[in-house]
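Can you build the whole structure from these sequences, using the hints too?
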Amino acid sequence: MISKYSVFCQVIETGSFTKAAQKLGYSQSAVSQIIKSLERELGTLLVNRGKDGILLTSDGEQFFPYLQAIEVAEKQLAKKQRELHGLEASTIRIGAFNSVSKNFLPQLMGMFKQEYPQVSFELFQGESSSIGSWIKNDQVDFGFLNHHSVEGVETQPIYHDEMLAVLPKDHSLSAENKISLKQLAQETFILLDEGEFSVALKSFSQKQLEPNIQYTIYDDSAILEMIQRRMGVSIMYSLTLAGLQDKVAILEITEQPERTVALGWRNWQTMSLASRRFAEFILENISKLQPEGIHGVRFVER
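Positions 1 to 302 (the working numbering) are the ones given, in order, by the sequence shown.
None of these hints come from the bench; they were simulated from the model. Values in this document were obtained by computation on a predicted structure and should not be read as measured data. There's no promise every hint is true.
What the hints assert, rightly or not - BS3-like, lysine-lysine: derived pairs with alpha carbons at most 27 Å apart:
| hint | residue 1 | residue 2 |
| --- | --- | --- |
| 1 | LYS202 | LYS102 |
| 2 | LYS247 | LYS182 |
| 3 | LYS178 | LYS207 |
| 4 | LYS102 | LYS288 |
| 5 | LYS19 | LYS79 |
| 6 | LYS182 | LYS169 |
| 7 | LYS202 | LYS178 |
Stated by the list, open to error - Okay, the calculated beta carbon distance ranges per label pair:
| hint | residue 1 | residue 2 | range |
| --- | --- | --- | --- |
| 8 | ASN285 | LYS80 | 21 to 29 Å |
| 9 | LYS23 | LYS80 | 22 to 30 Å |
| 10 | LEU56 | GLU154 | 45 to 53 Å |
| 11 | HIS148 | LYS23 | 50 to 58 Å |
| 12 | ALA78 | GLY15 | 19 to 27 Å |
| 13 | LEU42 | LEU77 | 16 to 24 Å |
| 14 | GLN228 | GLU176 | 15 to 23 Å |
| 15 | GLN183 | SER120 | 44 to 52 Å |
No residue lacks a Cβ here, since even glycine has one placed at the ideal position from N, Cα and C.
Structure below.
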């Protein structure tokens with residue numbers, strides 16, 4: 001329903017009850033009655049009906065800026081209501097690493113749904129290059145990826161995740177406090193598949209080392225199962241290894257390789273309201289959810 005303030009502003013804009021009625025889809029008599037009702041409410045005559053059309057009275061000229069302001073405020077309120085309704089019915093599409101999906105997103109999504117229970121989520125799991133492509137192709141609204149790893153994506157750094165060596169419990173080096181990349185390069189190595197942005201391969205390369213890669217695996221759980229079966233060693237992110245100290249030997253690496261994980265999106269302004277709200281929610285709350293027993297994650301101060 002159009003408010004009487006909008007009807008009044010439309011009459012003044014068109015200079016005619018007839019034109020205003022046609023534009024609004026009302027009858028001329030209905031528009032006339034609305035204006036009379038507004039005049040009764042304000043206790044004064046607002047318009048004169050003359051041969052040259054509708055003209056504001058002296059009082060009408062003084063009231064008009066305020067009535068225009070009310071009309072603008074009503075339109076802004078209606079727009080905000082539509083946005084909030086859209087938020088309630090929205091699906092938020094997210095690209096994420098396995099470690100993020102396991103340790104952070106379930107709790108963050110649950111907390112967000114307490115405030116917006118009608119929001120739904122679609123979660124796409126992959127490595128950084130794939131997630132970057134999904135963002136640029138609009139397959140996801142935003143995603144977690146290696147900071148600066150993908151061009152054409154806006155990013156906000158969230159945390160640094162250190163890589164740790166993972167060995168069978170009975171490995172000859174499992175009792176060491178630390179292990180070097182040189183030592184790891186001499187072992188049968190299971191490479192965590194990170195696509196073209198492999199932190200592990202980059203770390204070995206910087207030390208001019210070539211690891212003895214026998215397997216390249218994307219799935220974290222598969223790598224851990226293989227290590228427990230003594231099929232090799234690997235280096236994995238500390239966040240992935242939460243709660244697994246009893247199943248495998250986890251050692252710090254002397255060179256301390258790590259990745260900076262960021263939240264990335266194509267264009268903040270064109271992203272849906274629901275996705276912007278959840279992205280903001282993640283940035284504000286993720287640092288409160290660090291899993292117990294994991295010391296290789298350092299959050300970026302905002």
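To see whether the hints hold, each was checked on the structure:
1. LYS202 - LYS102: holds, 25 Å
2. LYS247 - LYS182: holds, 24 Å
3. LYS178 - LYS207: Given pair LYS178, LYS207 holds - Cα atoms ~17 Å apart, limit 27 Å.
4. LYS102 - LYS288: holds, 15 Å
5. LYS19 - LYS79: Within the cut-off at roughly 26 Å; holds.
6. LYS182 - LYS169: holds, 20 Å
7. LYS202 - LYS178: holds, 20 Å
8. ASN285 - LYS80: 21 to 29 Å: holds, 24 Å
9. LYS23 - LYS80: 22 to 30 Å: holds, 24 Å
10. LEU56 - GLU154: 45 to 53 Å: holds, 48 Å
11. HIS148 - LYS23: 50 to 58 Å: Distance hint for HIS148, LYS23 holds at roughly 53 Å.
12. ALA78 - GLY15: 19 to 27 Å: holds, 25 Å
13. LEU42 - LEU77: 16 to 24 Å: holds, 21 Å
14. GLN228 - GLU176: 15 to 23 Å: This hint holds: roughly 19 Å between Cβ atoms.
15. GLN183 - SER120: 44 to 52 Å: Holds: the Cβ-Cβ distance is about 47 Å, inside 44 to 52 Å.
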